[in-house]
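Peer 1: Under this note's numbering, the residues of the sequence shown are numbered 153 to 220, in order.
It is worth saying that the hints were derived from the structure and are not from the lab.
Built from N, CA and C at the ideal position, the CB exists for glycine as well.
Accuracy of the hints is not assured; some may be wrong.
Derived DEER-like restraints, expressed as beta-carbon distance ranges [claimed, not checked]:
| # | residue 1 | residue 2 | range |
| --- | --- | --- | --- |
| 1 | Asp-220 | Glu-194 | 14 to 24 Å |
| 2 | Glu-218 | Asp-154 | 28 to 38 Å |
| 3 | Glu-217 | Glu-194 | 16 to 26 Å |
| 4 | Asp-154 | Thr-192 | 31 to 41 Å |
| 5 | Glu-217 | Asp-154 | 39 to 49 Å |
| 6 | Glu-217 | Ala-195 | 18 to 28 Å |
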Amino acid sequence: MDTDLHDKGVLVTGGAGGIGQAVVRAFASEGAKVAIHYRTSEAAALGLAAEVDGVALGADLRLEEEAD
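Make a model of the complete structure from these sequences and hints.
Peer 2: Written as structure tokens, this is what we have:
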């Protein structure tokens, strides 16, 4: 299946655990450049980012100043 995601940027919020990790891996397997958002799971997000050649971004999106 051609998803046309190769070299496209994708942000997965809550991407450090559970379903989010599966979503990150699925996008990465289609060639997307993945940014993994986490609030508290820094180690998991950094490990996954290294695995998929992505980036991990920590922020509490409930706080306006961190969402900026």
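Peer 1: Would you mind marking each hint as holding or not holding in the structure?
Peer 2: Hint check:
no.: 1; hint: Asp-220 - Glu-194: 14 to 24 Å; verdict: holds, 20 Å
no.: 2; hint: Glu-218 - Asp-154: 28 to 38 Å; verdict: holds, 36 Å
no.: 3; hint: Glu-217 - Glu-194: 16 to 26 Å; verdict: holds, 19 Å
no.: 4; hint: Asp-154 - Thr-192: 31 to 41 Å; verdict: holds, 36 Å
no.: 5; hint: Glu-217 - Asp-154: 39 to 49 Å; verdict: holds, 40 Å
no.: 6; hint: Glu-217 - Ala-195: 18 to 28 Å; verdict: holds, 24 Å
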